[in-house]
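Colleague: As you go down the protein sequences, you meet chains A and B in turn. Residue numbering for the first sequence follows this note's numbering, starting at 1 and increasing by one per position. Residue numbering for the second sequence follows this note's numbering, starting at 181 and increasing by one per position.
Because the hints were derived from the structure by calculation, they are not lab data. Keep in mind it's a predicted model, so treat the numbers as computed, not measured. No residue lacks a Cβ here, since even glycine has one placed at the ideal position from N, Cα and C. Some hints could be false.
Unchecked claim - Just a few of them, taken from the derived set where beta-carbon distance is under 10 angstroms, the chain A residues facing chain B: (1) T33; (2) P36; (3) M48; (4) L131.
Said to hold, decoys possible - DEER-style ranges, computed between Cβ atoms: (5) A/R106 <-> B/T430: 46 to 56 angstroms; (6) A/L83 <-> B/L271: 36 to 46 angstroms; (7) B/E254 <-> A/V140: 49 to 59 angstroms; (8) A/L133 <-> B/L271: 44 to 54 angstroms; (9) A/T173 <-> B/N312: 29 to 39 angstroms; (10) A/A167 <-> B/S339: 28 to 38 angstroms; (11) A/V140 <-> B/E415: 19 to 29 angstroms.
Unchecked claim - A short, non-exhaustive set of chain A residues, derived as facing chain B with CB atoms under 7 angstroms: (12) Q31; (13) S32; (14) L75; (15) S79; (16) R137; (17) V138; (18) A139; (19) G142; (20) Y146; (21) F147.
What follows is each chain in one-letter form.
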Amino acid sequence: MWTSLAANSHKGRLHVAYYTVPLLLALALGQSTVMPYFRVFGVMPNLMLMAVVAWTLLRGPGEGIIWGFMGGIALDLFSRAPLGVSALALVIVSYLSSFAERTLYRDHAALPPAVILIVTPIYDMLTLLLLQLTGQRVAVLGSLLYFTLPATVIHVVLMLPVYHALAWLHRTTRRREVHL
Amino acid sequence: MRTNRTLQFLLFALASLGVLVLHEAGTLAPLEQWAANPLTAVQTWLEARMRGVEEVLETARDLQTLRQRVEELEKQNAALQIENVRLHEDLADYQAISQLLNFTRENTQLQTLPAEVIGRDSNTFLRSIIINKGATDGLAPGMPVVTERGLVGRITAVSPSSAKVMLLTDPASAVNARLQTSRADGIVEGQLTPALRMRFIPQEATVQTGEVVLTSGLGGNFPAGLVIGQVISVERRDVDLFQTAEVHPTVDFNRLEIVLVITNFKPTNVDIFGGQQP
Numbered sequence: 001m002w003t004s005l006a007a008n009s010h011k012g013r014l015h016v017a018y019y020t021v022p023l024l025l026a027l028a029l030g031q032s033t034v035m036p037y038f039r040v041f042g043v044m045p046n047l048m049l050m051a052v053v054a055w056t057l058l059r060g061p062g063e064g065i066i067w068g069f070m071g072g073i074a075l076d077l078f079s080r081a082p083l084g085v086s087a088l089a090l091v092i093v094s095y096l097s098s099f100a101e102r103t104l105y106r107d108h109a110a111l112p113p114a115v116i117l118i119v120t121p122i123y124d125m126l127t128l129l130l131l132q133l134t135g136q137r138v139a140v141l142g143s144l145l146y147f148t149l150p151a152t153v154i155h156v157v158l159m160l161p162v163y164h165a166l167a168w169l170h171r172t173t174r175r176r177e178v179h180l
Numbered sequence: 181m182r183t184n185r186t187l188q189f190l191l192f193a194l195a196s197l198g199v200l201v202l203h204e205a206g207t208l209a210p211l212e213q214w215a216a217n218p219l220t221a222v223q224t225w226l227e228a229r230m231r232g233v234e235e236v237l238e239t240a241r242d243l244q245t246l247r248q249r250v251e252e253l254e255k256q257n258a259a260l261q262i263e264n265v266r267l268h269e270d271l272a273d274y275q276a277i278s279q280l281l282n283f284t285r286e287n288t289q290l291q292t293l294p295a296e297v298i299g300r301d302s303n304t305f306l307r308s309i310i311i312n313k314g315a316t317d318g319l320a321p322g323m324p325v326v327t328e329r330g331l332v333g334r335i336t337a338v339s340p341s342s343a344k345v346m347l348l349t350d351p352a353s354a355v356n357a358r359l360q361t362s363r364a365d366g367i368v369e370g371q372l373t374p375a376l377r378m379r380f381i382p383q384e385a386t387v388q389t390g391e392v393v394l395t396s397g398l399g400g401n402f403p404a405g406l407v408i409g410q411v412i413s414v415e416r417r418d419v420d421l422f423q424t425a426e427v428h429p430t431v432d433f434n435r436l437e438i439v440l441v442i443t444n445f446k447p448t449n450v451d452i453f454g455g456q457q458p
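One chain only, chain B, in its complex shape:
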């Protein structure tokens, strides 16, 4: 048995050696070429199939990677969009604050406190806003409220943390005003339409369209020189004692976000607001 195995080994070893020798001698070359042709074809076919399989596997792997990438990019996109919105808001706030700062720089005699508009009057017939500063911040009824564009109104009621501001457009609002060029005085009143009405302008005054209307300071309820608006039309009839003008307010009352409360102005009479003298 053992002899057979040794014989088998020797036989195959010799055969291998013989093939090696013949190969080295070049004798087997034609045979090798003949055998290689079909093998190459099979190999090519198999290789192509394997590449296909590999591509499929790779695509599956890529799909997984792509999905992860898309997910990551979507998250990044959402985060960037949120940041973009926040930056736009910051920019708008910055612009508003910077304009208000310019106003305070130009009016150094006025001490102001910035406040945010947090609500509007829930009653359709009243025009007022609610701001996020109140009695604990030193606010009191009668204090004028402005923006960099001009007069907004005055505080009518305060709670510890908020205050209600009657807007110039409220039908109950009346402000002593002066026309900048003609120097004529009158009273600017709110009405139902967005425009204001300046009444009691003396007949002899020459009022021009486009003329700027300012607070006159008369009556002591507002500091003098605050911008109210511009005259858009004048109504003058010989039979009347006074002229009347339509005034377009410089403040956009529908877009109020941040306002300034003038804290160092003492109104002379705030009884009509039902509040205490500040």
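In isolation and in its complexed conformation, chain A is listed as follows:
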């Protein structure tokens, strides 16, 4: 019986991987090739950050952190940043977002924009810190003012459509549980 359960769980994870890997790669590719054309106030929205936060709120930290890790690696493949910088920042952000998922307000419509409002500056600060630590020269304070402030506003506005798109994916792909 345990063997069967383990096999089922393994199959479930494989099933998740079927759409997770291509989706996250597509998001990272879009971030590098499409989003530069949609800059608002000189800032491009971070689709991956919004997707990871939304998925954490929908599925919990288990899958959210995996998304953060894989999405971050995919992002760094299209960046000059050392591989792992975005992955680490997204994993931390996903973990922090999961606290909101455990609250009583988990189904409140304002929760995704509220969470992204808090985690965008955290994500940017973590990224800048990691870039500094890995020897990249970045203007920390200027970047926070010049990019993070507008990016936070843009993310708050875009979070609901992103959340609803992923909520559809969540409903479509979640495993049905049968209670006997």
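Given chain A, work out where chain B should sit, using these hints.
Modeller: Leaving out everything else, chain B in the frame of chain A:
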């Protein structure tokens, strides 16, 4: 029975012959005219109706033909629009390539390899592009990248089929530069705004707005004489050791499509890029 039939035949044959004779003699003319009037009216009415019916049928046939024609024209229009877009793209590519070709003709000492920009840095805080040529094409870290308008940046990492190029506008970018007219040297650095900053210009230099900024070749990381931009403002304070100038880059970094990698230039030190000496 047979006799009756023959009689009937003869009777009608004679009647017909008689009518023919009377007609030829003109005797039947008034009768013919009298009978023709109502017939003509009926005929006219019928003809008009038939024309109407014919027109309706013709319209239906025309409608079918017109629909087919409209469909054909729509298809032709769509094909022409696609061709038009493609030709515009070809024209833009041709213009870009022709300008790059002019650059290579004017700078025969430089061996260049054209590459297409296929992406931009996914990290908001870093300014770099990804090009579609890599190690298999002979590219290596440290190689300068230009367009016909001037210096773009330098390669920082290569994979077999692509390379990452740090742009001049990246805050980590620093290029030894020279002012074309005053011949003063300085260092052009990237900053968060689209403009560049030229620092360490000696106080005694007379820097004019509009002066062209070129690579100086000092430090050995870039060939000398590549255009960087134009001075848009100068900041000179007596208490400072050096002057600083804002430089507007000649390259439009938001519209980079095709770039040239200078392949025959050997940078003296590329350790800072974490790559190998080309």
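Colleague: What are the numbers of the hints that this structure violates, sorted from low to high?
Modeller: Hints that this structure does not satisfy do not exist here, as all of them hold.
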